[in-house]
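Enquirer: Sequence:
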Amino acid sequence: MKDKPLIFSASIGNGHTQAAKALNGELLEQGYRPKIVDTFYELNPYLHHLMLYTYLSMIKWQPSAWRTLYFQAEHMPLFNLLDKFSGLYIKKLYRLVNQESCPFIISTHPFVTAFLSNLIKKKKLNIPFYTVITDFVLHPAYLRETIDGYFTASCEIATFAKKYDIAPQRFTPTGIPILANNTIPLTKEEARQRLGISLTDKVVVIAGGGRGLTNYSRILKALDALDDVLHIICMVGENIQAEKKLLKQKSKHDLNIVRFTDQFIVFLKASDTIISKAGGVTMAEALVCETPIVLFRSVPGHEEQNAQYLTDEGAAVSVASYKELATTLYRVLHRNDVRERLITRARSLKRPFAAHHIISCILHEEYEKSHRTVK
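Numbering (our numbering), first residue to last: 1 to 375.
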């Protein structure tokens with residue numbers, strides 16, 4: 001029995017890894033023995049660091065350049081360069097895919113998808129290949145002829161498929177997979193009791209993704225304009241420098257600094273609002289928790305599109321400058337009409353069981369294929 005599916009991801013963005021972990025958990029529940037592959041690190045640690053450094057440098061120092069690359073790729077095959085570059089690693093990637101025990105492969109990162117697609121094409125592999133899209137908006141860079149199925153949170157499948165001449169049946173609207181485990185049913189009161197937070201506090205999470213990519217200090221200074229004294233949880237991820245700076249920060253608010261944790265959902269459940277960039281997985285988690293979202297300083301390109309989608313849907317409010325943060329946050333915390341609208345729209349859009357849905361679809365498709373072959 002082929003019982004070792006491979007989930008290929010890349011620890012360039014933490015959300016892709018979290019999505020892979022969510023899928024991994026579902027496969028374990030189904031009796032499989034999956035393996036998550038940190039693709040670029042496995043191929044070559046220097047390649048991993050190069051990809052990571054290039055991406056982080058662009059979004060930090062040249063965000064407009066990243067934005068240009070992202071949107072031009074809708075009309076020019078810039079992402080096809082990845083296919084050519086991947087040719088250097090075909091042999092090593094081929095060794096990672098054990099056909100004898102691997103029934104199918106899943107990718108949770110578009111760069112990885114390009115590498116795997118080229119591998120399947122060059123080696124003529126007869127192995128089912130699925131990709132999970134961790135943003136709310138579809139992009140043509142995801143498209144490859146070798147992909148058997150796409151799993152997405154987008155509601156624009158028909159329009160996108162028609163525009164790029166691809167069968168809409170290859171897309172399944174599942175939502176973005178999140179690693180929630182048994183924390184989804186928690187109430188706000190239960191989450192606060194677990195974390196030792198007062199039930200009467202106004203609690204705000206400031207998040208910057210797994211790498212803590214936001215200016216926590218400036219946000220805190222902006223929020224000092226509020227009359228309220230808030231309980232602010234700074235989720236700094238792996239950003240130790242941000243943590244050190246925050247430990248010296250003077251603020252009127254009560255600060256709680258939290259490094260990377262798999263209990264992010266619990267903090268969201270305990271919170272009244274999250275201030276964050278529009279990372280796909282973070283946003284999916286906030287929607288599941290029905291925590292009102294204030295979007296700030298999203299990465300140009302994919303996160304920019306996520307932000308537009310969520311604000312258009314009425315599930316988030318967007319802030320353009322530090323000056324607007326305090327007044328916007330006050331409205332979200334104190335105006336019941338604003339809060340209720342955000343919560344209601346989140347309830348409509350949330351997909352808490354996306355990971356289960358994705359794995360169920362893959363297993364059903366593979367079951368159907370095997371029976372068609374037998375007949």
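Mixed in with the good hints there might be a few duds.
Said to hold, decoys possible - With beta-carbon atoms standing in for the labels, derived distance ranges:
#1 ARG95 x LYS252: 52 to 58 Å
#2 GLU74 x LYS121: 18 to 24 Å
#3 HIS334 x TYR55: 34 to 40 Å
#4 ARG335 x HIS75: 19 to 25 Å
#5 THR327 x HIS75: 35 to 41 Å
#6 ARG347 x ASP148: 43 to 49 Å
#7 SER318 x LYS122: 28 to 34 Å
#8 ASP262 x THR327: 30 to 36 Å
#9 ALA167 x GLU324: 22 to 28 Å
#10 LEU88 x LYS163: 28 to 34 Å
#11 ASP148 x ASP228: 30 to 36 Å
#12 HIS334 x ARG218: 19 to 25 Å
Unchecked claim - As a list, the in silico DSS-like pairs of lysine-lysine whose alpha-carbon atoms are at most 25 Å apart:
#13 LYS245 x LYS323
#14 LYS21 x LYS35
#15 LYS244 x LYS221
#16 LYS35 x LYS122
#17 LYS35 x LYS369
#18 LYS323 x LYS248
#19 LYS60 x LYS35
#20 LYS84 x LYS2
#21 LYS84 x LYS21
#22 LYS163 x LYS35
#23 LYS369 x LYS4
#24 LYS4 x LYS188
#25 LYS350 x LYS323
#26 LYS84 x LYS122
#27 LYS60 x LYS369
#28 LYS92 x LYS60
#29 LYS188 x LYS84
#30 LYS35 x LYS202
#31 LYS163 x LYS202
#32 LYS248 x LYS60
#33 LYS60 x LYS91
#34 LYS2 x LYS248
#35 LYS188 x LYS162
#36 LYS369 x LYS323
#37 LYS2 x LYS121
Please keep in mind that the hints were generated in silico from the structure rather than gathered at the bench. Beta carbons are placed, not taken as given, at the ideal position from N, Cα and C, and that holds for glycine.
Enquirer: Hints first: check each against the structure and report whether it holds.
Expert: Right, here's what the structure says about each hint:
no.: 1; hint: ARG95 x LYS252: 52 to 58 Å; result: 57 Å, holds
no.: 2; hint: GLU74 x LYS121: 18 to 24 Å; result: 22 Å, holds
no.: 3; hint: HIS334 x TYR55: 34 to 40 Å; result: 38 Å, holds
no.: 4; hint: ARG335 x HIS75: 19 to 25 Å; result: 42 Å, violated
no.: 5; hint: THR327 x HIS75: 35 to 41 Å; result: 39 Å, holds
no.: 6; hint: ARG347 x ASP148: 43 to 49 Å; result: 32 Å, violated
no.: 7; hint: SER318 x LYS122: 28 to 34 Å; result: 43 Å, violated
no.: 8; hint: ASP262 x THR327: 30 to 36 Å; result: 34 Å, holds
no.: 9; hint: ALA167 x GLU324: 22 to 28 Å; result: 44 Å, violated
no.: 10; hint: LEU88 x LYS163: 28 to 34 Å; result: 32 Å, holds
no.: 11; hint: ASP148 x ASP228: 30 to 36 Å; result: 51 Å, violated
no.: 12; hint: HIS334 x ARG218: 19 to 25 Å; result: 23 Å, holds
no.: 13; hint: LYS245 x LYS323; result: 21 Å, holds
no.: 14; hint: LYS21 x LYS35; result: 10 Å, holds
no.: 15; hint: LYS244 x LYS221; result: 16 Å, holds
no.: 16; hint: LYS35 x LYS122; result: 23 Å, holds
no.: 17; hint: LYS35 x LYS369; result: 23 Å, holds
no.: 18; hint: LYS323 x LYS248; result: 23 Å, holds
no.: 19; hint: LYS60 x LYS35; result: 32 Å, violated
no.: 20; hint: LYS84 x LYS2; result: 30 Å, violated
no.: 21; hint: LYS84 x LYS21; result: 29 Å, violated
no.: 22; hint: LYS163 x LYS35; result: 35 Å, violated
no.: 23; hint: LYS369 x LYS4; result: 18 Å, holds
no.: 24; hint: LYS4 x LYS188; result: 38 Å, violated
no.: 25; hint: LYS350 x LYS323; result: 30 Å, violated
no.: 26; hint: LYS84 x LYS122; result: 11 Å, holds
no.: 27; hint: LYS60 x LYS369; result: 46 Å, violated
no.: 28; hint: LYS92 x LYS60; result: 32 Å, violated
no.: 29; hint: LYS188 x LYS84; result: 49 Å, violated
no.: 30; hint: LYS35 x LYS202; result: 41 Å, violated
no.: 31; hint: LYS163 x LYS202; result: 46 Å, violated
no.: 32; hint: LYS248 x LYS60; result: 24 Å, holds
no.: 33; hint: LYS60 x LYS91; result: 34 Å, violated
no.: 34; hint: LYS2 x LYS248; result: 54 Å, violated
no.: 35; hint: LYS188 x LYS162; result: 43 Å, violated
no.: 36; hint: LYS369 x LYS323; result: 57 Å, violated
no.: 37; hint: LYS2 x LYS121; result: 22 Å, holds
Checked against the numbered hints given earlier, the structure breaks hints 4, 6, 7, 9, 11, 19, 20, 21, 22, 24, 25, 27, 28, 29, 30, 31, 33, 34, 35 and 36 and satisfies all the rest.
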